[in-house]
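Student: Please build the complex by placing chain B on the supplied structure of chain A, with the hints as guidance.
So the protein lines, in turn, are chains A and B.
Residues are numbered in the numbering used here as their position in the first sequence, beginning at 1, plus a constant of 29.
Residues are numbered in the numbering used here as their position in the second sequence, beginning at 1, plus a constant of 29.
Treat the hints with caution; some may be incorrect.
Any copy, or any two copies together, can satisfy a pair, since identical chains are not distinguished.
Okay, derived cross-link-like pairs now, EDC-like style, lysine to aspartate or glutamate, Cα gap no bigger than 16 Å in a straight line [to be verified]:
(1) K325 x E307
(2) K451 x E406
(3) K299 x E353
(4) K299 x E356
(5) K227 x E161
(6) K348 x D303
(7) K299 x E352
(8) K458 x D399
(9) K175 x D281
(10) K201 x E181
(11) K435 x E394
(12) K357 x D457
Bear in mind the hints are in silico, worked out from the structure with no lab data behind them.
Number of protein chains: 2
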Amino acid sequence: MNVIMLSGGSGKRLWPLSNDVRSKQFIKFLKRADGTYESMIERVFRQIRTLDDAEILVTTSKSQISEIKNQLGDSVGVCAEPARKDTFPAIALAVAFLKDVKGKDENDTVIISPIDHYVEDEYFSCFKRVEETVNGGVNVALIGIKPAFPSEKYGYILPEGNEEICKVKEFKEKPSAELAEKYIQNGGLWNGGVFGVKIGYVLKKAEEIFGFSSYEKLFSAYENLPKKSFDYAVLEHEKDIKVVRYAGEWKDVGTWNTFSETMQDKSIGKATFDCGCENVHVINELSVPVLTMGIKDVVVVASAQGILVADKCASSYIKPYVEEIDEKIMFAEKSWGSYRIINVEDGSLTILITLNAGKSMYYHEHARRDETWVVIEGEGKVKIDDKESTVTVGDVIKIAVGQKHKVSAITRLKLVEVQIGKDIDVSDKIKYSE
Amino acid sequence: MNVIMLSGGSGKRLWPLSNDVRSKQFIKFLKRADGTYESMIERVFRQIRTLDDAEILVTTSKSQISEIKNQLGDSVGVCAEPARKDTFPAIALAVAFLKDVKGKDENDTVIISPIDHYVEDEYFSCFKRVEETVNGGVNVALIGIKPAFPSEKYGYILPEGNEEICKVKEFKEKPSAELAEKYIQNGGLWNGGVFGVKIGYVLKKAEEIFGFSSYEKLFSAYENLPKKSFDYAVLEHEKDIKVVRYAGEWKDVGTWNTFSETMQDKSIGKATFDCGCENVHVINELSVPVLTMGIKDVVVVASAQGILVADKCASSYIKPYVEEIDEKIMFAEKSWGSYRIINVEDGSLTILITLNAGKSMYYHEHARRDETWVVIEGEGKVKIDDKESTVTVGDVIKIAVGQKHKVSAITRLKLVEVQIGKDIDVSDKIKYSE
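If we strip away everything but chain A, and leave its shape as in the complex, we get (with noise of 0.2 Å):
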């Protein structure tokens, strides 16, 4: 099977443990047997691998791929957006990909999901019946989901009959909360955004929105393609669609108080709460406590990027407090490992580098920065403008602007880096090829 993980994401709803590097699906807050946490991208990858043969493509944009190759391994099949544009090019390009540079066939099926969603393993069994519908001779299979009440939030399929798998009569847009109800009266289910196709279906489709559907074609001219998105682009057109219905558990997750929900316990990290809590949830991903008194129905976050301390449902209606809050991008997760800034002063940057065993950075230099290393954990080799040296705890590196420099991890590596400049920016930066 086939499988394409569609992964976006703003990464405002479930600020400060998102930000602009990492979307609610690289949170790590689902418990996992052994006390460790994972990831919704890192369950559902687990989940579908238990669908023996599914190949699965992730596409996304640029900012995203460090944090996927960290979660996932170098190994996971990426299909980068050249830009953000909305579902329909993304699945093109990627359906192109599946073609040009994975050699399927036209008459394969693919199955396209997001990838953010908290579902029960049954839930990829679906996937299954999705495809062999397809299989079946049917253009477009959806999963339909039953809905656990009326929610105004999600899109609704009505389908023509009450078959475990049917037609679909209709879809119906975000409802008010009498409509959906009275849409699952009629039997209605939620559009989770699941679908099955042929290849060569979606590759039809490209030729006639775009005028051409090479993989080649579909890259160069990425940044031009009008942005549209695959309901609007094909769903509405289709008559010949069926839906594969799913009755267990399905959550999006998007907002502090689902993610709420989803929690095993009432906190990550450290948290104490008084007797007089109720319904107090806490998620800490710093090292100093968090204490809570006497307060009820709230959601506490805290985060190197900032402290979120909301009632749970006020908490969905966080989005423009976020983006009016000028935020610094505090931490991310990369490739090679993590870093996240300890320290901001005006011409001076304290940042916490971990780099994982085995990895290495970009051979890089700035134009406005010196830096200076401080290792604190383990060995590696560090290379500077071209010599190479090993490096080990207590060793101090001092890098000039303009040097070239980058760390290996031998064992896993912790560096403190202060960064000394004028304008410290990201973007100061230089990758070279060695």
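Tutor: Relative to chain A, chain B alone:
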């Protein structure tokens, strides 16, 4: 006028803005006319100095001396208590210091006052009247505060009459609200802990209780002096007491509830409120923003020490929770500037050190850690194993275990200090004179 100010406090009730070295009187939260903030100790000193001739001696534990000098300057008179005893030994030592070290006369009057109250300037005019009352021939004169409400937290003074200054009939310890109401109806006043006495009076009591009254003997025997409060040791047995009335604002700012009442704005530091917040105060000492949404009657406090989110009433019961939270001191003000721990790892600490212009650290060494300094602001001088050099922005200084070292600031100097070693602890320090 001689004034002895008692500076104590455990720093638990206003956690996380206070800690074991920063008690509430040092927290800068009172807005000055120019928009900057001052602490209660700074405010009290500013107010008391409007009494032209006030000579102030602060009596305190060793742990607070650095903080006092940081906020009040090196020239402030400080009498260090060699151990934590109750108020009578502290007062006896300070009074003996005035006589034996400062050359005051037994017949001089001294006003003894706590340092951690928020009051109007008028309060300090009452100090004058207390002094005059003692000079007029009474053993003890107190300030009695007109109660704002029937508090159960304060002791009450019951005066004999209604005169502005009159004899005290009786003291009552912290009563029930009902009893407090009755005391107030009978003209009862809060006991704010301010009293005037003759120097000779205190020394005579010390002689009676300890068997000696010289500064030298009190100082050297201090560790073994019995813990006794001044109230218990002296006031309870004294009949010749008068009270001076004060009817202005008086707050002990001992809980987050009273603290927030004293704030001029609803926030200090970076804070955003949605329109659903009611009676919410935010004090944020971190560089990242706090966002509050849809909460009521809550105080949110964030510092390098931790994060508190508390219903304002519930916040009064904070002490046992803070005692449970395992606490490393994450920031402190020192006589030379300040430090803040910005990263904690197993085997490594990273610290931001700020030295004020013209200030120096002690010359010292460590037995169990190497240190690296990276200068990120200013100019200074370092001395390592008796070798001196000047340093400026970008310079890196490595200090190995056992190397004597110090740094002095020419202009304000900021360093990132990376400590590496096993069992890193503030007690690992040997100081040297130069």
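Student: Indicate, hint by hint, whether the structure satisfies it.
Tutor: Structure-based check of all given hints:
1. K325 x E307: both (5 Å within a copy, 15 Å between copies)
2. K451 x E406: between (29 Å within a copy, 12 Å between copies)
3. K299 x E353: Answer is between; shortest inter-copy Cα gap is 12 Å, intra-copy 28 Å.
4. K299 x E356: between (25 Å within a copy, 12 Å between copies)
5. K227 x E161: within (11 Å within a copy, 99 Å between copies)
6. K348 x D303: Close across copies (11 Å), not inside one copy (30 Å); limit 16 Å.
7. K299 x E352: between (28 Å within a copy, 15 Å between copies)
8. K458 x D399: within (12 Å within a copy, 32 Å between copies)
9. K175 x D281: Only inside one copy: K175 and D281 sit 14 Å apart there, 59 Å across copies, limit 16 Å.
10. K201 x E181: Within one copy, since 11 Å is at most 16 Å while 63 Å is not.
11. K435 x E394: within (9 Å within a copy, 34 Å between copies)
12. K357 x D457: For K357 and D457, the Cα distance is within 16 Å only inside one copy (15 Å; across copies 37 Å).
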